[in-house]
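I would like the entire structure built from these sequences, with the hints used as guidance.
In the UniProt record's numbering, the protein residues as written are 1 to 303.
Derived from the structure by calculation, the hints contain no laboratory data.
Quick caveat, the model's predicted, so the values are computed rather than measured.
Careful: at least some of the hints might be erroneous.
[Said to hold, decoys possible] What follows is a set of in silico ranges between Cβ atoms, one per label pair, in the way DEER data are often shown:
| hint | residue 1 | residue 2 | range |
| --- | --- | --- | --- |
| 1 | Q171 | H237 | 48 to 56 angstroms |
| 2 | D80 | G229 | 45 to 53 angstroms |
| 3 | P179 | G135 | 15 to 23 angstroms |
[Said to hold, decoys possible] Straight-line C-alpha distance at most 25 angstroms; calculated DSS-like pairs for lysine-lysine:
| hint | residue 1 | residue 2 |
| --- | --- | --- |
| 4 | K231 | K197 |
| 5 | K240 | K197 |
| 6 | K193 | K231 |
| 7 | K247 | K231 |
| 8 | K247 | K197 |
| 9 | K212 | K240 |
Where a beta carbon is used, it is the ideal one built from N, C-alpha and C, also for glycine.
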Amino acid sequence: MNLDRRTTLQVVALLVLAVPHPRLSAADKAVNGCNGGRSFSAEPSGAKGIPGENLDAIVKICAAVALPPNFRLQVINNKDVIAYAKIDNTDRYIVYNSNLHRELSDNFTTRWRSISVLAHEIGHHLCGHSLDSTGSRPTRELEADHFAGFILGSLGASEEDSLAAYSGHPQSGDATHPPGGERSSALTAGWKKANEKIRSNIERINLVTHNKQSDGTYARVVVEFVNAGGKWTEYQHGRKFAAFEEKFRRNGEIFLFDGSRSIPMWLRIETLGRGQFAEGSWNQGGSSTPPTAWIPLDPIRWR
1 MNLDRRTTLQ VVALLVLAVP HPRLSAADKA VNGCNGGRSF SAEPSGAKGI
51 PGENLDAIVK ICAAVALPPN FRLQVINNKD VIAYAKIDNT DRYIVYNSNL
101 HRELSDNFTT RWRSISVLAH EIGHHLCGHS LDSTGSRPTR ELEADHFAGF
151 ILGSLGASEE DSLAAYSGHP QSGDATHPPG GERSSALTAG WKKANEKIRS
201 NIERINLVTH NKQSDGTYAR VVVEFVNAGG KWTEYQHGRK FAAFEEKFRR
251 NGEIFLFDGS RSIPMWLRIE TLGRGQFAEG SWNQGGSSTP PTAWIPLDPI
301 RWR
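As structure tokens, this is what we get:
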């Protein structure tokens, strides 16, 4: 499996985040979830420590969409259960059976079926499906399938591998789950979306800053940085504002340099853990070595 440079750096940075040990509660006693395309109720047989390989799978999935892996994992010994997503108080859980647990521990890089299952359940959480008591519905399942396809494509699975990972779903649908053909179509659409993003070689990052006006006040502006092959362009109000060359990346930070100015300038963009908007900082310096001190790009720290 080959990850692009951005995803690899995000994975390295996110690996330092700890995932808390799961706990059982009364809310665990009966949970509706996904089981090969059907609903079920499961009685967990207990929680146990999760090995690093399984945490690594969650980290890689979340890194593909630039999100922190703030999920708890729980293994259950029930062969009739594949996996499901749930919320216990404010904790988001991915609960999965011991067979899937062993597949992930054996070899993450080739276990696309296992990854598709985890990605599907994470998709339920991220799409807000676990926030109410509605349970499984066809449209919700398709949305989670689409997310799983996007993750598989982002992590390097071929279209054939992705479809093979989903081949076990029943072809007939019901009130809670769509037919297998629809699910494969949703998965394929997500996979294609990821691959279009990869092929375009275009990266977009937004941040919020304030520009000082002639009257001394500050006007807020949403800035867009667009990367095409390591050449970054800054846009404000839809117009080109500046151009930068990418020097390197480190732990979720992107270091850019503009040597065309009378005094050369470095720009650092921080992306990890920043939600939808990044944060920026700058300073002057030569092209060979970045500054050791940084000035906030935004004169008004809005966070």
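A quick look at each hint next to the structure:
At roughly 51 angstroms, the beta carbons of Q171 and H237 sit within the given window of 48 to 56 angstroms. A hinted range of 45 to 53 angstroms for the beta carbons of D80 and G229 is consistent with their spacing of about 50 angstroms. The hinted range of 15 to 23 angstroms is satisfied by P179 and G135, whose Cβ atoms lie roughly 18 angstroms apart. The hinted pair formed by K231 and K197 meets the criterion: a straight-line CA distance of about 17 angstroms does not exceed 25 angstroms.
For the hint pairing K240 with K197, the CA-to-CA distance comes to about 22 angstroms; that is within 25 angstroms, so the pair holds. Of the supplied pair hints, the one linking K193 and K231 holds, its CA atoms being roughly 23 angstroms apart against a limit of 25 angstroms. Between the alpha carbons of K247 and K231 the distance comes to roughly 10 angstroms, so the proposed pair stays at or under 25 angstroms and holds. Restraint check for K247 and K197: the C-alpha separation of about 22 angstroms stays at or below 25 angstroms, so the hint holds.
Under the criterion of a C-alpha separation no larger than 25 angstroms, the hint pairing K212 with K240 is consistent with the structure, at around 18 angstroms.
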